[in-house]
Amino acid sequence: SCGLFRAASLNTKYEQTNGNLKEPRGCCMFLYINSVLLFTLRSKSVFRETSRYILLYNLLFADTVYLGSSALLYLFAAFRIKLTFYMCFVVILPPLLMCSVSPLTLTVMSLERFVAICYPLRHTVIITIRSTGVAITLVWLTSSLRIIIRVLTLLCSNSEFLFNLQMNDFCSEEALFLVPIYYYFVTAYSGIVFLSAGVTIICSYIGVTLVARSASTNKASARKASQTLLLHLFQLGLILISTFHSNIITAAATIMERSHVLRLSSLSFIFLTVLPRCLSTLIYGLRDQTIKPFLIQHLCCQWRCSAFLNKANAGE
9 SCGLFRAASL
19 NTKYEQTNGN
29 LKEPRGCCMF
39 LYINSVLLFT
49 LRSKSVFRET
59 SRYILLYNLL
69 FADTVYLGSS
79 ALLYLFAAFR
89 IKLTFYMCFV
99 VILPPLLMCS
109 VSPLTLTVMS
119 LERFVAICYP
129 LRHTVIITIR
139 STGVAITLVW
149 LTSSLRIIIR
159 VLTLLCSNSE
169 FLFNLQMNDF
179 CSEEALFLVP
189 IYYYFVTAYS
199 GIVFLSAGVT
209 IICSYIGVTL
219 VARSASTNKA
229 SARKASQTLL
239 LHLFQLGLIL
249 ISTFHSNIIT
259 AAATIMERSH
269 VLRLSSLSFI
279 FLTVLPRCLS
289 TLIYGLRDQT
299 IKPFLIQHLC
309 CQWRCSAFLN
319 KANAGE
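Take any residue in the sequence shown, note its place counting from 1, add 8, and you have its number in my numbering.
FYI, nobody ran anything at the bench for these hints, they're computed from the structure. It is possible that some hints are incorrect.
[What the hints assert, rightly or not] Capping the alpha-carbon separation at 27 angstroms, the derived lysine-lysine pairs in DSS-like fashion look like this:
| no. | residue 1 | residue 2 |
| --- | --- | --- |
| 1 | LYS300 | LYS227 |
| 2 | LYS52 | LYS232 |
| 3 | LYS300 | LYS52 |
| 4 | LYS232 | LYS300 |
Keep in mind the model is a prediction, meaning the values are calculated, not measured.
Go ahead and model the full structure; you've got the sequences and the hints to work with.
In structure tokens, the structure reads:
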């Protein structure tokens, strides 16, 4: 389970909406930065024709959709808006898909770095535009399998979904999918995905680290690649922990006061939902010397345009 969809509804159980929407505002800020980076990755041919940046675009796209959906679901719960089963399914489907796309894409990106450092002479042969496209297609097909099972489970077990009735609870994964066997499938699927991703990244890191210690390679490049793989592992760990978000908040609610539960829920939403989906921008947008100048240029251009419009409006 993604672990985010219950966060907002848990918040509203402990406190009425008081206009304090810091979490969605934080999402909007990172959504803006992610959108600028997405635009940057499509603005130059060097990004569109390099496998590494194509994979980054795929990861960033998944993270951006996930963040946007998180903010939307949070607002629905914060303002106590209850949807029909059909509308909830439409809103919740994209982030459910992205839950698998992100860790699987991280796995492919780690393998790309492993090949680039450990097999530099064969990198251009193994990692091509075509092979990258095939890898991305497999990532989306594997992620879609989870969605197909969810759809079949919902259609076969929940007749209310077919009649467009309003939900009794806020829109969340737990409120929509009520069949116990569904959770066994989700647990097994998530375990396989995260275990495979974790083992792959760790093995890639070990391989790159061993190469970095040898005298026959570009140590600076290998060291930077090993740092990137560590950040990927950290990012994957945060995403994994976020799957237990609702369980953590529910357990805390039994032993903590309302105000503390609300504060914990807000902090966990930021650090377990927002932060893992923004690390891609920090890892590549600020560390990659090819992307960084263009990203800063586009961000500054947007800020200057905004400042110019504000001055023009003030002059009127």
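Comparing the hints with the structure gives:
no.	hint	verdict
1	LYS300 x LYS227	holds (22 angstroms)
2	LYS52 x LYS232	holds (24 angstroms)
3	LYS300 x LYS52	holds (13 angstroms)
4	LYS232 x LYS300	holds (16 angstroms)
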